[in-house]
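Enquirer: We have chain A; now place chain B onto it with these hints.
These protein sequence lines are chains A and B, in that order.
Taking my numbering, I'd label the letters of the first sequence as residues 1 to 219.
Taking my numbering, I'd label the letters of the second sequence as residues 220 to 438.
Derived by calculation from the structure, the hints in this document are not laboratory data.
Predicted model, so just to flag it, every value in this text is computed and none were measured.
Glycine residues also receive a C-beta, built at the ideal position from the N, C-alpha and C atoms.
Hints are supplied without guarantee of correctness; some may be wrong.
[Stated by the list, open to error] Partner residues aside, some chain B positions facing chain A, computed with beta carbon under 8 Å:
hint	residue
1	K225
2	V252
3	L311
4	V363
5	L411
6	Y429
So the chains spell out like this:
Protein chains: 2
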Amino acid sequence: MKKIPKPALERLFLYYRLLLSAHNNGEKIISSVEMGKRLDLDPAQIRKDLTYCGEFGKPRIGYRVEGLMNELQTVLGLGERKQAVLVGVGRLGMAIYSYSGFAKFGLEIIGLFDSDPTKVGLNLGGQTIMNIAQLGEFIRQKRVPLGIITAPAASAQQVADIMVDAGICAIWNFAPVTLKVPENISIRNEDLAIGLATLSWNLINSGCPYIQPTEDELD
Amino acid sequence: MKKIPKPALERLFLYYRLLLSAHNNGEKIISSVEMGKRLDLDPAQIRKDLTYCGEFGKPRIGYRVEGLMNELQTVLGLGERKQAVLVGVGRLGMAIYSYSGFAKFGLEIIGLFDSDPTKVGLNLGGQTIMNIAQLGEFIRQKRVPLGIITAPAASAQQVADIMVDAGICAIWNFAPVTLKVPENISIRNEDLAIGLATLSWNLINSGCPYIQPTEDELD
Chain A
1 MKKIPKPALE RLFLYYRLLL SAHNNGEKII SSVEMGKRLD LDPAQIRKDL TYCGEFGKPR
61 IGYRVEGLMN ELQTVLGLGE RKQAVLVGVG RLGMAIYSYS GFAKFGLEII GLFDSDPTKV
121 GLNLGGQTIM NIAQLGEFIR QKRVPLGIIT APAASAQQVA DIMVDAGICA IWNFAPVTLK
181 VPENISIRNE DLAIGLATLS WNLINSGCPY IQPTEDELD
Chain B
220 MKKIPKPALE RLFLYYRLLL SAHNNGEKII SSVEMGKRLD LDPAQIRKDL TYCGEFGKPR
280 IGYRVEGLMN ELQTVLGLGE RKQAVLVGVG RLGMAIYSYS GFAKFGLEII GLFDSDPTKV
340 GLNLGGQTIM NIAQLGEFIR QKRVPLGIIT APAASAQQVA DIMVDAGICA IWNFAPVTLK
400 VPENISIRNE DLAIGLATLS WNLINSGCPY IQPTEDELD
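So here's chain A without its partners, still in its complex pose (with noise of 0.2 Å):
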């Protein structure tokens, strides 16, 4: 398999997402002029894009969306089933064990731990939330590949030495560390406190007639 740098690989999801929605709707054809509108993206990177998969389009005309719809999620495993385990059952831990919207992409999350003994043995969704104790054992056991780590950023190094020493593959890291893993795990870090870090610089740097200036400014 062709490797995707990671740009080109979150292009490639919009446009799956994209084309699902267009298959929902009927839609038989679709060009890349069409998908640049939609997504507010260049019409040529997105051919250049569709370069790493099959051959699903007729110049002028548009690309099959049944067809490229199938192949970008093979290319993408999305159809594929990835189990995961669960660690840190917060606010937000909660709130991606239950977002509905991941399921339709294969995740699977089938262990919930916790630190906290007061969430221990709490039911989620019909899942018993189990003691960080049991983890190591339990991505053993039940082979588990992903690990999405909701826990506070001063144990997130922990449990994900826990997780890769018992064998996961790849990590989706929400705490606001720099996780250390070996060069074979892949990770995925979702961040959130940078993307207000970049709308803060935005909003200083725009002009905004709602936010005040500092005394500092008005020189």
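Expert: Only chain B this time, still in chain A's reference frame:
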């Protein structure tokens, strides 16, 4: 203010957070090599990024932790208060609202909105959830610069339209849709499904022993 490309901006925030931590640990000087180790980044990249800030380093010695931290805080506007409205008080909205880690970067969510009549009127952390019908007027009256969308995909564009019309300058979008807004509005998309899709591709291509090959692959 010199324009800073998005990837550099995101890294500047990682440096800020690292320096904050170093400062809290009592560290006075830190080298780009040390920063590189802790963040798993190339020290040359770090030094290049930091040219967007003032001169806080001495070659072969390192950067003054406190000085550089304060400069980054200023450049990123992290000390500035950023008032926001949040629309869509589901699990993710509640998680964002109650996450204490954003307050130290200046985020202040001053209005919660939903269209669900069973949620309107409920008290969440001292704030009463308001009807979405009041959103536009609230933004105008309070001069709110930032809107957070944690509403479902189907209503996200409508919500964005109300916000833009009312004068909002930036949108933090958690809904899995591409929003159409005027060019001068800053948008940050947090599309969590993209993370899942990239992990999915990595897992099926990594030779993970915990992933069962499908019949197609066993040829």
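Enquirer: Hints first: check each against the structure and report whether it holds.
Expert: Status of the hints after comparison with the structure:
The criterion of a C-beta within 8 Å of any C-beta in chain A is met by B/K225, whose closest approach is roughly 7 Å, and the hint holds. For B/V252, the suggested interface contact is broken, since its CB lies about 15 Å from the closest CB of chain A, more than 8 Å. Interface restraint check: B/L311 against chain A, minimum CB-CB distance 4 Å, threshold 8 Å, status holds. A distance limit of 8 Å between C-beta atoms decides the matter here; for B/V363 the minimum to chain A is near 6 Å, and the interface restraint holds.
The beta carbon of B/L411 comes within 6 Å of a beta carbon in chain A, closer than 8 Å, and the hint placing it at the interface holds. Proximity of B/Y429 to chain A holds as hinted, the smallest CB-CB distance being about 4 Å (cut-off 8 Å).
When held up to the earlier numbered hints, the structure conflicts with hint 2 and nothing else.
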